[in-house]
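Chains as they are written, first to last, in the working numbering: chain A, -10 to 92; chain B, 3 to 275; chain C, 197 to 406.
Simulated from the structure, these hints should not be mistaken for lab results.
The following label-pair restraints were derived from C-beta to C-beta distances:
#1 65/B to 25/A: 38 to 48 Å
#2 342/C to 47/B: 40 to 50 Å
#3 39/B to 307/C: 32 to 42 Å
#4 346/C to 199/B: 29 to 39 Å
#5 92/A to 98/B: 36 to 46 Å
Even glycine gets a Cβ: it sits at the ideal position worked out from N, Cα and C.
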Amino acid sequence: MPDPMRIRAQAAGDKTTVRVLMSHEMETGLRKDAAGKTIPAWFIQEVTAQLNGKPVLSAEWGPSVSKNPFLQFIVKGAKAGDKIAVTWRDNRGETRTDEATVS
Amino acid sequence: MRSTRMMAAIAAATAAFTAVPLLAQTQQPKSAADGIAEYRKMLEDGNPAELFEAKGEDLWKTPRGPKNVSLEACDLGLGPGVVKGAWVQLPRWFPDTRKVQDLESRLLSCMQTLQGFDAAEIAATPFDKGEQASVTALAAWISSMSRGMKMALPQKHPEEKRAYELGKRAFFYRGGPMDFACASCHGEDGKRIRLQDLPNLTKNPGDGVGFAAWPAYRVSSGELWSMQRRLNDCFRQQRFPYPGFASDVTVALGVYMGVNAKGAESIAPAIKR
Amino acid sequence: MKIRHLTALAVIAAGAAQAQTARQLDQQTAAMMRASFRDQGIATVERLNQDDAQKACSQAKPPSAAVAKKIETAQLAAVKWPSDGQFIGDWKEGEKLAQNGRGMTWTDASTAAAKNGAMCYNCHQIDKKEISFGTIGPSLWNYGKLRGVADPADPASAAIVKYTWGKLWNSKAYAACSNMPRFGHAELLNEQQIRDVMALLLDPKSPVNQ
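Start from the sequences, fold in the hints, and give me the full structure.
Right under this line is the structure:
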């Protein structure tokens, strides 16, 4: 079970700023270990976010995104108490979903 | 509401390579140091240290080890289980072990006494492997519980004072093929190595600087470094031999730097390049 | 009664601990250093053995002028001048060496000088084109030019050329507590490498002297 994300969602008027910290190695597949063997690629390929169950963001990521990625986005029309859910899926098929309440 | 495609560039703000131009095209060109400071400010918001803090809190509260007990009875200097404020008073004298101990040393004691782990085995384990990873995560969380508080190491017990004196001597101890001491880089104001500013650790270098800035997440290696790890790599760069984990010299140096930083605001766990 | 005696003992014990002399603390420091370190790779505990120059400069206060002079004299006497009398090498190699900060740590495979860098930019500005430079040492921009070295082979430049070699070989020959490593003396760099760094600083064709 991958490590949980840290999600914070803060409403200011009509705009809610969502900040997400994901725990992921994000291996590019280009690095070699001490023995000279290539470390296999392992990175998040898809990120989606939902506001109260409705999709508000989808993203396609690649190996250029760094380890333990930080994502920040602004969503309109959310208010305190609403639920923000973020899901990532990586090239191994592993996935993680975490939820936060808009404050 | 239509779904929107997000640019990877925004998420790549934490990429190891900075895209911030070092000389801005304005009337007054930004210095390289200013550009880097701006880049660091951008990174503060999404400090991956939080991932380690969350792990550390979990490790403190979960029953683990051969005795299957949590660390909630561990005394970090302010009484069993008191975590808030403990970080800014470490290292300090502990009557039960009769030693001056820093956070990592004290965690080893508690992990052994309360949970039944083998402290020597953990000390011999490479950083980030096995239970060393636990110690790092615990250090991240415990230091976070003193964020914003001022360094206030006690210097009442004679052993605390002696540790300060030994730490001071260790700080100025020149050795190795390059004749480096800690003081070679950290003994003067306003110096830097390449573009990395060097705090003067013989005195209080200010809020959130030096001793008050560690543990910290290092973006360049994607790792969280405790003060033990930081000292370890300092000695490596000094071309010294290998300091034992939580050995006397590392604790004494912590006392010297921490006491010098009295009054400095702790920002740990911080974020570094 | 019992409590008073215990208090008295505690006070005496505390007093005894507080009465550590500077000498005792120095001895305790030496013991602490020996006990706290171990060998790792090429970095062995022998590296903790201090020579006179290191020992004299291991306090917060610098040594007296007399002690400093004694060290400088001894260090200068130990400088090895180029075996073939050639002081100047290739500045392009010198720049590569100045940029390279590697070598001699416990993660390095060998102690061979050929594997080491001169790490100059860590502490010095050298070629102005390089903005990533340290400030632990003074700027070396226009080093040869500022010292009027139009031709390093000219006898008029001999003193500067000799000083520069001496400083690179053994910085402590001129400043007992210099922060600069003793590149030749400690076998961090070999003769050819030092010649190349000399060229970076003194060759009129070097970018440093434009």
